Amino acid sequence: MFLINCPFCGEREQSEFKAGGEAHIVRPKQPTELSDDEWAEYLFMRKNIKGVQFERWNHIHGCRKWFNMARDTSNDQIKAVYKMGEKPPVK
Amino acid sequence: MKNKYSIFSLIKNAFSYHENWEKAWKDPAPKKEYEVVIIGGGGHGLATAYYLAKKHNMKNIAVVEKGWIGGGNTGRNTTIIRSNYLWDASAGLYDHALKIWEGLSQELNYNVMFSQRGVMNLAHNLQDVRDLKRRTHANRLNGIDAVYLNTEEVKKFCPIINTSPNIRYPVLGGTLQRRAGTARHDAVAWGYARGADEMGVDIIQNCEVKGIKRIGDCVEGIETTKGFIKTKKIGVVAAGHSSVIANMAGLKLPLESKPLQALVSEPVKPIIDTVVMSNAVHAYVSQSDKGELVIGAGTDDYVSYSQKGSHDIVEGTLNAILELYPIFSRMRMLRQWGGIVDICPDASPIISKTSIKGLYFNCGWGTGGFKATPGSGDLFAHTIANDEPHKLNAAFNINRFVSGDLVDEHGAAAVAH
Chain D
0 MFLINCPFCG EREQSEFKAG GEAHIVRPKQ PTELSDDEWA EYLFMRKNIK
50 GVQFERWNHI HGCRKWFNMA RDTSNDQIKA VYKMGEKPPV K
Chain U
0 MKNKYSIFSL IKNAFSYHEN WEKAWKDPAP KKEYEVVIIG GGGHGLATAY
50 YLAKKHNMKN IAVVEKGWIG GGNTGRNTTI IRSNYLWDAS AGLYDHALKI
100 WEGLSQELNY NVMFSQRGVM NLAHNLQDVR DLKRRTHANR LNGIDAVYLN
150 TEEVKKFCPI INTSPNIRYP VLGGTLQRRA GTARHDAVAW GYARGADEMG
200 VDIIQNCEVK GIKRIGDCVE GIETTKGFIK TKKIGVVAAG HSSVIANMAG
250 LKLPLESKPL QALVSEPVKP IIDTVVMSNA VHAYVSQSDK GELVIGAGTD
300 DYVSYSQKGS HDIVEGTLNA ILELYPIFSR MRMLRQWGGI VDICPDASPI
350 ISKTSIKGLY FNCGWGTGGF KATPGSGDLF AHTIANDEPH KLNAAFNINR
400 FVSGDLVDEH GAAAVAH
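The listed protein sequences derive, respectively, from chains D and U.
Sequential numbering from 0 applies to the first sequence in numbering that gives the first Met the number 0.
Sequential numbering from 0 applies to the second sequence in numbering that gives the first Met the number 0.
Some hints could be false.
[Said to hold, decoys possible] The calculated lysine-lysine pairs, modelled on DSS-like cross-linking and capped at a C-alpha distance of 30 Å, are:
id, chain 1, residue 1, chain 2, residue 2
1, U, K307, D, K17
2, D, K82, U, K225
3, U, K53, U, K31
4, U, K53, D, K49
5, D, K49, U, K58
6, U, K268, U, K65
7, U, K307, U, K53
8, U, K98, U, K251
9, U, K132, U, K356
10, U, K98, D, K46
11, U, K212, D, K49
12, U, K132, U, K25
13, U, K307, D, K64
14, U, K30, U, K225
15, D, K78, D, K49
16, U, K307, D, K78
[To be verified] To give an idea of the chain U side of the interface with chain D (calculated C-beta under 10 Å), a few residues:
id, residue
17, E197
18, M198
19, H240
20, S242
21, A245
22, D299
23, Y304
24, S305
25, I312
26, C343
27, H389
28, L391
29, A394
30, N396
These are calculated hints, taken from the structure and not from any lab test.
Note that this is a predicted model, so its numbers are computed, not measured.
The beta-carbon is built from N, C-alpha and C at its ideal position, and this holds for glycine as well.
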């Protein structure tokens, strides 16, 4: 359990948010051209990092907006919060 | 040859105040080279080593464990064993394990306290009723014992359940698998460790894997905190840390690692003599032989390796427990803990070869791996020894995420994932 600083609402309890998984997975531009391997990579394969991971979150019991977060998954410390479409922060 | 545990050895050792029992397993330093190295000394890893030595006649095997054996998810689960899964592939896999459980204490000469006290799964709405009835039919077609119970039969089987129609999620029925039950989780790790050690397996504790050495598409060995170990075959059984090991070999897995929590109450006199699980409200409870209520909560929905979980998950589970069992309202909880579970998108495990020769993965058991421990070890040993899956784990290959032939047990299994 931890606090998340929503870029739109400020600091709230994590239970107000929904985790959206790994961030910056780009949707294929031409889905019809993809091979089965590329589909598997896009749909299922995940980095699942132990350490700082970039991920998407949604303030589902608040403003309901999506945003990105850099979080250390080994101790749940949040390193940065940034908006959708922005580039991940350089450590 | 180890001394056999029996009533006579117990009496004999009583005379020396139980101070002269021989060590159940040795504490060897790693050799330079092994035929097979198993990464992860939990129940699944130790069982794999045991069956490699016993059924596939391999002599030179090591199990490397970064902490102590059985200290990960083997020692953190709620010890429930059942095989009432919906799909044929899962039914085959989990019932294979259940059949081994039934003779395991005798086979290992180690009391794993396997208790077939039954597992009951509750239905709380009409869709649950339909799903559970469908599952009992599917189970019976696969030769797995299952019966459907109506509300009165649920109450009769477990009288402390609140079956009032006025609760938020009333009990409309349930399923019962009588062959299901519980076992003592630590004893499973210790029993397999003792059995494997007897056949010459080196169990190397406090030995963390730091890297996997490859030459081209073949594995060459592992870098560990106790030095380099050469091997041609590596079996990874690292549960929540499977992705971390996979990254060392340059592989990506379809896994997400999440905290799963459990808790136990203060010990009380026998009050519940079965296991009751509820999918819809996500609460399950049994009672240990010490008298503690053993309660399983859900997973958090974010990736974390912290072995902690969120308080609101525990709160939600206890709310549901109290509504179903008002008798527990003044019980105090003694301990709460978390384990890191590796969850596949289809909530089924991976027991498979990989694109790298000599590298095998047994992972993705998610929230329900303990029940499969003996079967998982047996089938993974077969896969490693023959470089081909057994027919019972052929469907659980890693390629199913490319072919789309998923074994979708999400929601179809008896408990929510």
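Legend entry - Hint consistency between U:K98 and D:K46 [alpha-carbon to alpha-carbon, up to 30 Å]: violated, 36 Å
Legend entry - Residue hint U:S242, partner chain D, criterion CB-CB below 10 Å: Holds: closest Cβ of chain D sits about 4 Å from U:S242, inside 10 Å.
Inset, instruction - Classify the hint on U:H389 as holds or violated, based on whether any CB of chain D lies nearer than 10 Å to its CB. - result: Check failed: Cβ of U:H389 comes no nearer than 24 Å to chain D, outside 10 Å.
Inset, instruction - Would you check whether U:Y304 satisfies its interface hint, that is, whether its CB is within less than 10 Å of any CB in chain D? - result: At 5 Å from the nearest chain D Cβ, U:Y304 passes the 10 Å test, so the hint holds.
Legend entry - Restraint check for U:K212 with D:K49, where alpha carbons must lie at most 30 Å apart: holds, 20 Å
Legend entry - Closest C-beta approach of U:M198 to chain D relative to 10 Å, hint status: violated, 34 Å
Inset, instruction - Could you check if U:D299 really has its C-beta closer than 10 Å to a C-beta on chain D? - result: holds, 8 Å
Inset, instruction - For the pair supplied as a hint, D:K78 and D:K49, confirm whether the alpha-carbon distance does not exceed 30 Å. - result: The hint holds at about 14 Å.
Legend entry - Given hint U:K65 paired with U:K268 - CA-CA distance at most 30 Å: violated, 38 Å
Inset, instruction - Given the hint that U:K307 pairs with D:K64, test it: the Cα-Cα distance must not exceed 30 Å. - result: holds, 27 Å
Inset, instruction - With chain D as the partner, please determine if U:S305 meets the hint condition of a C-beta pair closer than 10 Å. - result: Where the cut-off is 10 Å and the nearest Cβ of chain D is about 5 Å from U:S305, the hint holds.
Inset, instruction - Verify the proposed pairing of U:K98 with U:K251, using a straight-line Cα cut of 30 Å. - result: violated, 33 Å
Of the hints listed earlier, those the structure fails to meet are numbers 2, 4, 5, 6, 7, 8, 9, 10, 12, 17, 18, 27, 28, 29, 30, in rising order.
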